[in-house]
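Visitor: Here are the chains, one letter per residue:
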Amino acid sequence: MRALVLALYVTLIGAAAFAQSAAISGYEFMEPSTRELQDDDFLNPGIFLLDEGSALWSRPLGAASETCQSCHTDIAADMAGVAARYPAYDADLGRVVSLEMKINAEIAGRLRGKPLEYESDDLLALTALIGYQSRGMPMEIDSNPQAVSLAEKGKEIFQTRRGQLNLSCQNCHEQHWGEKLRGDTISQGQINAFPIYRLTWTDVGSRQRMFVWCMESIRSEPYEYGSDEFLALEAYLVVRGQGLLIEAPGVRR
Amino acid sequence: MAAFASGDPPPSLPGPLTDVPGDPVRGLEVFRDGSKATCLICHSVSGLSDRDQGVLGPLLDGVADNYSPEELRQRIVDARVVSPETIMPPYFSTEGLFRVAEEWRSKTIYDAQDVEDVVAYLMTLRSEP
Chain A
1 MRALVLALYV TLIGAAAFAQ SAAISGYEFM EPSTRELQDD DFLNPGIFLL DEGSALWSRP
61 LGAASETCQS CHTDIAADMA GVAARYPAYD ADLGRVVSLE MKINAEIAGR LRGKPLEYES
121 DDLLALTALI GYQSRGMPME IDSNPQAVSL AEKGKEIFQT RRGQLNLSCQ NCHEQHWGEK
181 LRGDTISQGQ INAFPIYRLT WTDVGSRQRM FVWCMESIRS EPYEYGSDEF LALEAYLVVR
241 GQGLLIEAPG VRR
Chain B
254 MAAFASGDPP PSLPGPLTDV PGDPVRGLEV FRDGSKATCL ICHSVSGLSD RDQGVLGPLL
314 DGVADNYSPE ELRQRIVDAR VVSPETIMPP YFSTEGLFRV AEEWRSKTIY DAQDVEDVVA
374 YLMTLRSEP
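From first to last, the protein sequence lines are chains A and B. For what it's worth, the numbering used here labels the leading residue of the first sequence as 1, then goes sequentially. For what it's worth, the numbering used here labels the leading residue of the second sequence as 254, then goes sequentially.
What the hints contain is simulated information worked out from the structure, not anything from laboratory work. As the structure is a computational prediction, the values presented were derived from the model and not from experiment. Note that the Cβ used here is the ideal one computed from N, Cα and C, for glycine as well. Each statement offered as a hint is correct.
Here are the computed distance ranges between Cβ atoms for each label pair:
1. B/272 x A/217: 31 to 39 Å
2. B/319 x A/42: 52 to 60 Å
3. A/228 x B/319: 42 to 50 Å
So, partial list: chain A residues that the calculated Cβ filter (under 10 Å) puts toward chain B:
4. 161
5. 164
6. 168
7. 176
8. 186
9. 218
10. 219
Construct the entire structure; sequences and hints are all you get.
Guide: Written out as structure tokens, the structure reads:
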């Protein structure tokens with residue numbers, strides 16, 4: 001039975017490789033034991049972020065007496081699909097922002113608080129909580145021209161070889177996904193599950209932490225958190241992974 | 254999977270990079286060394302017991318039957334000379350690299366003796382003893 005499932009899986013992967021446009025979640029490349037961790041909220045080591053996020057959601061985060069909840073009273077309804085469409089053009093800010101940037105803009109603006117640091121527990125918790133409201137919803141492309149041109153810039157970054165090992169994202173995640181790299185199967189590098197709990201880190205992290213990790217592993221200087229480059233890369237990866245379902249908070253090896 | 258590029262040899266094949274003859278035993282250590290972008294990430298050698306050897310690059314069994322030390326050295330030093338689109342990192346060249354992390358800037362993955370030792374190890378990989 002197991003062999004049959006595996007054979008079917010390999011066939012599917014092969015078929016997907018043939019039809020180059022098919023986006024496949026990193027979930028499909030994981031060992032069954034890792035999938036189980038994500039599938040069961042009682043086992044998922046990233047789930048604690050939801051409790052932390054909920055606490056922050058209903059607490060003043062700045063000088064204002066209002067909280068997130070003051071305006072977004074029904075989080076499940078109000079936040080459904082939000083994480084699925086970031087990075088997006090923001091009319092108030094007049095630019096494309098990531099979900100993290102939008103959260104911080106709200107904290108600094110309406111809540112009159114201090115923006116949260118990238119990769120802080122608090123920012124990850126809010127990102128995870130908002131992401132969770134989009135679970136099972138497809139990632140969408142923002143058709144705003146600024147977002148489109150940012151995604152094009154991101155594609156260039158994706159395709160540019162870098163680091164001492166002289167590899168691009170594309171070299172592994174487009175030209176060799178589905179193949180083995182030592183014990184692990186190379187994924188397509190999709191970003192629909194973030195923030196994730198990563199077994200390699202024994203910690204949770206954002207999309208941009210994953211970019212940093214990848215770039216460092218090919219001995220390349222990563223871009224800064226919140227940089228235009230990482231934002232562009234995120235925007236491109238949403239375009240590239242359009243239609244993949246949000247899995248936040250996901251689990252990866 | 255792409256085989257080694259065939260056809261005309263590149264114009265000048267590099268000779269030995271050091272005066273010390275390559276040591277195949279040390280070469281295998283370098284070949285396996287995780288801190289030196291181990292060859293086993295992408296390549297396999299049937300005679301080695303290492304688990305999870307690589308499948309992205311050509312199997313190296315019998316590689317010495319088909320390539321001279323000079324040709325192997327060329328591919329380790331900078332495989333781009335032979336195939337410009339290769340995903341094999343340049344192990345002894347810093348040319349044309351972009352955004353190398355400060356720790357590794359102006360440094361090569363291998364030093365000259367590493368190259369010689371790995372070439373010596375690869376030259377032991379013959380199908381006919």
